[in-house]
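> Work out the full structure, taking the sequences as your base and the hints as a guide.
Chains as they are written, first to last, in this note's numbering: chain H, 1 to 355; chain V, 356 to 896.
Honestly, I wouldn't trust all of these hints.
[As the list claims (entries may be wrong)] If you want the footprint, here are the derived chain H segments under chain V, 3+ residues with CB under 8 angstroms: (1) 35-44; (2) 108-114; (3) 192-205; (4) 318-330; (5) 346-353.
None of these hints come from the bench; they were simulated from the model. Think of the CB as a built atom: it goes at the ideal place given N, C-alpha and C, for glycine as much as any other residue.
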Amino acid sequence: MSSQDTPEENLPAERAADDSEHGAVAVPGEKNPFADPGLPPHEHRIQDIDERAARRSERAVAFMFTLSMLATVAFIASFVAVPVDKSIYVFPLGHISALNFALGMTLGVALFCIGAGAVHWARTLMSDVELADDRHAIEAEPEVRAKVMDDFRQGAKESALGRRKLIRNTMFGALTLVPLSGVVLLRDLGPLPEDKLRHTLWRKGKLLVNMNTDEPLRPSDVAVGSLTFAKPEGLEEHDHDFQNEIAKAALMIVRLQPENIKDKRELEWSHEGIVAYSKICTHVGCPISLYEQQTHHVLCPCHQSTFDLSDGARVIFGPAGHALPQLRIGVNDEGYLEALGDFEEPVGPAFWERG
Amino acid sequence: MSTANDDRRKAPAGERVADWADGRLGIYSLAKANMRKIFPDHWSFMLGEICLYSFIIIILTGVYLTLFFHPSMNEVEYHGSYVPLQGQLMSEAFASTLDISFDVRGGLLIRQIHHWAAIIFLAGMFVHMMRVFFTGAFRKPREINWLFGFLLFVLGMFTGFTGYSLPDDLLSGTGVRFTQGAILATPVVGTYISMFLFGGEFPGGDFVARFYSIHILLLPGIMLGLVVGHLILVFYHKHTQFAGPGRTNKNVVGMPLLPVYMAKAGGFFFLVFGFIAMLAAVASINPIWALGPYRADQVSTGAQPDWYMGFAEGLIRAMPGWEINLWGHTLVLGVFIPLVLFGLFLGIIALYPFIESWITGDKREHHILDRPRNAPTRTAFGVAWVTAYMIMLIGGGNDIVATHFHLSINAVTWFVRIGFFAGPVIAFVVTKRICLGLQRRDKDKVLHGRESGIIKRLPHGEFIEIHEPLSQEQLHVLTAHEQYQPAEIGPAVDENGVERKVKGSQKLRAKLSEAYYGDDSQIPKPTAEEYREITSGHGHH
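Next comes the structure, spelled out in structure tokens:
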């Protein structure tokens with residue numbers, strides 16, 4: 001304890017010295033009117049003095065244990081008898097799986113009754129006389145402490161670890177290095193990031209394929225006020241890497257009145273008011289799916305980031321940090337919507353190397 | 356045959372088995388100390404039991420689920436008995452979860468018991484932690500056990516998260532995506548951690564198998580060790596108790612382990628298990644068939660994590676989208692700050708016992724629990740912490756709050772943003788006031804007795820209410836708490852008039868000590884003199 005430490009007088013006094021050690025009754029008197037009166041005398045329960053009440057308790061406990069047995073039998077019977085696909089109407093739950101309901105209720109009753117029986121038994125029939133146990137300090141007596149310290153010093157001295165520095169240093173070196181093998185082994189958990197997060201499947205000339213109909217989109221398919229989801233041509237649900245690719249390439253397409261588009265670049269990259277934006281939120285990557293056609297706002301349902309599609313998809317509310325990337329689109333010779341290149345910036349959540 | 360052996364043979368079978376075991380394991384010395392160990396009784400002491408029992412239930416049901424679950428992300432076409440999803444592409448993980456739910460008899464029940472038990476486990480730990488906090492049960496010698504409990508809570512959160520991510524349904528996949536997005540926000544190493552965790556780009560084909568081994572082996576293994584350690588320490592320290600007649604810092608008063616506590620605690624296990632089984636029978640949890648399999652480009656509205664992840668969700672939703680772009684790098688503060696806050700916010704409660712013991716300078720053992728009112732600053736701090744937690748929980752469900760109460764999502768978010776800072780301050784001040792008010796009332800009761808509600812008219816016409824003196828037990832309980840005096844730095848100059856050097860940490864400590872135990876922070880408890888003066892004055896006031 002340094003001199004700056006709390007002086008002893010700032011600590012509250014140990015509970016009054018005339019406090020009972022345990023159980024012994026201290027007479028409250030002149031010295032301490034608040035003295036501990038000691039353990040109160042035991043009060044008998046009805047079961048302690050009336051054998052008939054005790055019998056009733058016994059029967060109640062036995063009844064609950066019996067109920068549990070019956071419930072287990074009912075559990076097995078339901079398992080065998082109730083078909084797995086049967087549904088029943090239970091008020092007020094509605095239509096629910098009959099088997100789940102039967103198994104759950106019977107198992108629940110079987111378990112609950114064991115517990116209720118045991119607790120009732122403990123509360124009414126087992127002794128409720130309170131007992132006191134002494135506590136002992138957790139920390140060791142000074143002699144024990146001295147012995148341990150001596151033993152340790154002796155052991156340390158015999159090992160000569162402190163004296164033979166060469167052994168000590170090389171041992172620490174070896175022990176420090178050996179876990180490196182474990183770290184190195186983790187290297188193949190995955191590839192390095194490289195520029196994987198910067199590219200998607202979109203290329204110049206890739207058609208925009210409607211996610212629902214699987215047909216390439218024409219400008220006439222995109223009505224004002226509608227929200228269309230699209231994927232790059234050639235990406236099929238059965239493809240091995242479908243999930244990884246769609247996680248980056250998913251697109252949402254809306255048609256605005258060209259005069260409503262406030263952002264100059266957005267207008268340039270659009271076609272007849274049709275704009276294509278990444279569907280992946282720039283916050284933490286949820287797919288954006290809510291479109292408010294009057295205001296041209298899209299809302300991410302996960303964390304409510306809101307983007308204005310008529311103004312370069314800039315963030316107007318919520319936790320997202322930057323605008324949705326736009327895909328430059330046009331129309332090919334056959335009149336289908338096509339991409340005019342990949343996204344110019346990485347889609348999805350921001351990351352350190354994004355820049 | 357010797358007579359000793361004859362005696363052995365005559366002993367009951369149970370005793371012979373016990374002798375056999377004692378000869379090999381030395382169980383008698385263990386039983387001597389523990390078989391009739393005393394456990395104090397209080398309703399709040401069963402909160403920890405709920406956690407232990409739900410943990411056991413989770414392990415039992417979890418082992419069953421591993422027998423049927425396929426932790427694989429291979430895409431399969433579904434041909435099981437749930438008609439609406441037939442023919443759909445989905446991962447084997449999702450398909451096998453559908454099988455557990457619709458084809459394995461009792462599978463759905465066990466799944467729902469598993470999930471409900473997990474929710475109750477985390478809720479139980481939260482409330483148990485609050486009990487320990489507000490009663491000061493974390494004080495010496497129990498600081499390490501507080502840390503064990505804290506670690507269990509945090510690991511429980513991540514075990515829960517990795518668990519509900521396994522079915523690979525639309526909701527959980529969205530949660531995994533959120534996690535991956537948050538990992539990406541880590542400066543410098545974010546993209547590397549993400550690539551290594553997912554075996555490449557999100558979602559890849561590895562995370563279910565990896566989460567599976569984390570969920571069923573790594574985290575529960577550590578947790579099991581911590582639970583055992585936690586229990587050993589509870590036995591070793593002996594349970595805390597509230598002040599009361601015959602209860603001192605040097606004893607423990609209650610019922611013996613055998614038979615009362617064993618019957619009550621053992622019975623309580625069955626009560627908890629039975630309750631959760633019935634809950635699983637009537638209340639559906641995580642109906643993955645209604646959500647469908649995960650697709651990286653799809654999402655459902657109203658996506659919510661399990662409750663214990665809600666405050667982290669709130670942090671991420673309420674944070675403004677700050678991003679700093681410098682020298683070709685992006686610092687994603689809008690996501691990274693919530694990530695750091697998540698750790699700090701939990702960390703401060705983990706370290707609290709050490710902070711408080713530093714302020715008090717108290718190195719004694721404490722086995723008598725505080726009533727929360729008698730530690731006003733601690734109680735106020737705890738309530739402020741819980742307030743911030745709850746506000747973030749609201750923030751995590753801002754869309755749900757908005758749709759249910761017909762509020763603007765922007766307004767709810769702004770409420771959360773402001774509330775996160777203002778709420779704890781208000782809660783702190785209000786709680787401290789309430790505590791001091793309760794302390795005053797206790798003092799009043801001790802000195803003037805209990806209001807009896809009986810109005811008496813005196814001969815000269817005055818009406819008075821009769822106050823009944825408290826029993827000795829009540830007098831003792833209401834005055835049993837300890838009160839610290841604020842630590843002082845001492846004079847600025849020493850006896851020779853030379854300026855003393857006072858370390859900044861000492862000044863801070865003195866300030867905190869004043870805040871904790873100064874005149875504004877506790878009502879001095881009644882002294883024997885005050886009591887005598889008033890009670891000997893006859894008449895009632």
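> Please check whether the segment 108-114 of chain H has three or more residues whose CB lies within less than 8 angstroms of a CB on chain V.
Check passed, 7 qualifying residues.
> Under 8 angstroms between beta-carbons, do enough residues of the segment 318-330 of chain H, three at least, approach chain V for the coverage claim to hold?
Three-residue rule met by the segment 318-330 of chain H, so holds; n is 5.
> Is the coverage entry for the segment 35-44 of chain H by chain V consistent with the three-residue Cβ rule at 8 angstroms?
holds (count 6)
> Residue count check for the segment 346-353 of chain H against chain V: does it reach three with CB-CB under 8 angstroms?
holds (count 6)
> Would you check chain V against the segment 192-205 of chain H, counting CB to CB pairs closer than 8 angstroms, and say if three or more residues qualify?
Holds, because 4 residues of the segment 192-205 of chain H bring their Cβ atoms closer than 8 angstroms to Cβ atoms of chain V.
Violated hints for the displayed structure: none, as all numbered hints are satisfied.
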